[in-house]
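J.: Letter 99 of the sequence shown, counting from 1, is numbered 99 in UniProt numbering, and no numbers are missing.
Honestly, the hints are just simulated from the structure, not real lab data. Relax, there's no trap hidden among the hints.
Below, simulated DSS-like cross-link-like pairs (lysine-lysine); rule was C-alpha separation at most 30 Å, straight line:
(1) Lys129 with Lys287
(2) Lys69 with Lys25
(3) Lys128 with Lys69
(4) Lys25 with Lys128
(5) Lys128 with Lys30
(6) Lys140 with Lys11
(7) Lys140 with Lys290
(8) Lys25 with Lys129
(9) Lys290 with Lys128
(10) Lys69 with Lys30
(11) Lys11 with Lys30
(12) Lys30 with Lys287
(13) Lys287 with Lys11
(14) Lys290 with Lys136
(15) Lys11 with Lys136
(16) Lys290 with Lys30
(17) Lys30 with Lys129
(18) Lys128 with Lys287
(19) Lys11 with Lys25
(20) Lys30 with Lys140
(21) Lys129 with Lys290
(22) Lys136 with Lys30
(23) Lys287 with Lys140
(24) Lys136 with Lys287
(25) Lys129 with Lys69
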Amino acid sequence: NAVMVITEENKHTEPTLLADEKGHKLFIEKPLATEARESAQILDAISNAGLDAVVGYTQRFRRRFLTVKERLLQGQIGEVHSVVTRAFMNRMVPIATIAKTNKRQNLTPMVVSGTHSLDMSMWLLEGKKPVSVYAKSVDKALSDWGTKDSTFGIFTFEDGTIFSMNISWGLPVVWPGTVYGLEIGIVGTEGVIDIEDTHRDLILATYKNLPGGYVPEGFEPSVERHVDFLTSYPPGDIYNGQLWGPMREETNAWFARIQGGLDTPHATAAEGHSNLIHTMAMDRAAKLGKEISLPIEPEEFYED
1 NAVMVITEEN KHTEPTLLAD EKGHKLFIEK PLATEARESA QILDAISNAG
51 LDAVVGYTQR FRRRFLTVKE RLLQGQIGEV HSVVTRAFMN RMVPIATIAK
101 TNKRQNLTPM VVSGTHSLDM SMWLLEGKKP VSVYAKSVDK ALSDWGTKDS
151 TFGIFTFEDG TIFSMNISWG LPVVWPGTVY GLEIGIVGTE GVIDIEDTHR
201 DLILATYKNL PGGYVPEGFE PSVERHVDFL TSYPPGDIYN GQLWGPMREE
251 TNAWFARIQG GLDTPHATAA EGHSNLIHTM AMDRAAKLGK EISLPIEPEE
301 FYED
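When you get a sec, could you build the whole thing from the sequences and use the hints?
T.: Structure representation (structure tokens):
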């Protein structure tokens with residue numbers, strides 16, 4: 001038997017632990033949890049039961065990122081030593097996310113959405129161990145909603161590799177990217193890979209008012225939107241009432257994994273937990289205003 005946990009971000013723990021008790025194989029939507037203790041509890045339960053559990057990082061199933069991963073595995077740019085990531089998001093996304101709950105303390109740009117670009121970068125840097133992170137945050141446009149606008153950080157790895165991770169999810173409602181736009185630069189000793197994933201190659205402009213990718217309930221934008229970067233909705237795109245794209249690939253690959261033992265690109269539960277800890281570590285570094293060492297134990301997030 002198998003279970004998919006696709007509840008709201010901060011409601012994954014109970015259904016996941018119940019499915020674990022029954023010995024079910026698991027697909028858990030990201031993040032694994034929004035609390036460090038709960039995430040560790042979930043990971044321990046999965047590990048102790050020896051279950052196959054994966055976390056829903058849909059972008060791993062897009063052709064461009066699979067191609068990049070393969071080229072890195074082949075060593076085509078030599079040893080990677082520098083990575084830079086920039087993510088832009090329309091502010092309707094965080095407003096929609098935050099409006100669904102009063103437990104907002106960990107619903108930050110990094111924990112909820114930056115986790116996608118962090119997971120992608122860490123996956124592309126697979127095998128390298130981060131040892132510290134320094135970060136800064138700002139809250140101007142979204143402070144009334146109880147969250148940050150942006151978080152910028154730098155990870156340093158055991159071998160000296162550096163990774164700059166930046167996310168801004170407070171872009172204006174009129175920003176043509178209705179959901180997510182991403183850029184990643186990967187520099188190696190013998191080459192470079194430059195990924196432009198902002199969706200500016202497919203643009204719709206119209207006199208008609210356009211909806212957002214995520215429209216918060218009860219939220220009425222004060223301005224109309226007339227330009228869209230199409231295909232910026234991470235799960236894929238709708239045609240004829242059906243979803244096509246990476247989430248469809250991800251789901252079908254999971255079925256093949258649990259039914260036929262296929263080796264798939266899914267993030268493991270351990271990677272999902274690591275992603276949460278790293279995003280929360282960025283938030284903690286920004287809060288404390290100093291570089292912090294990694295790895296960090298879950299209990300350290302509750303010390304102040």
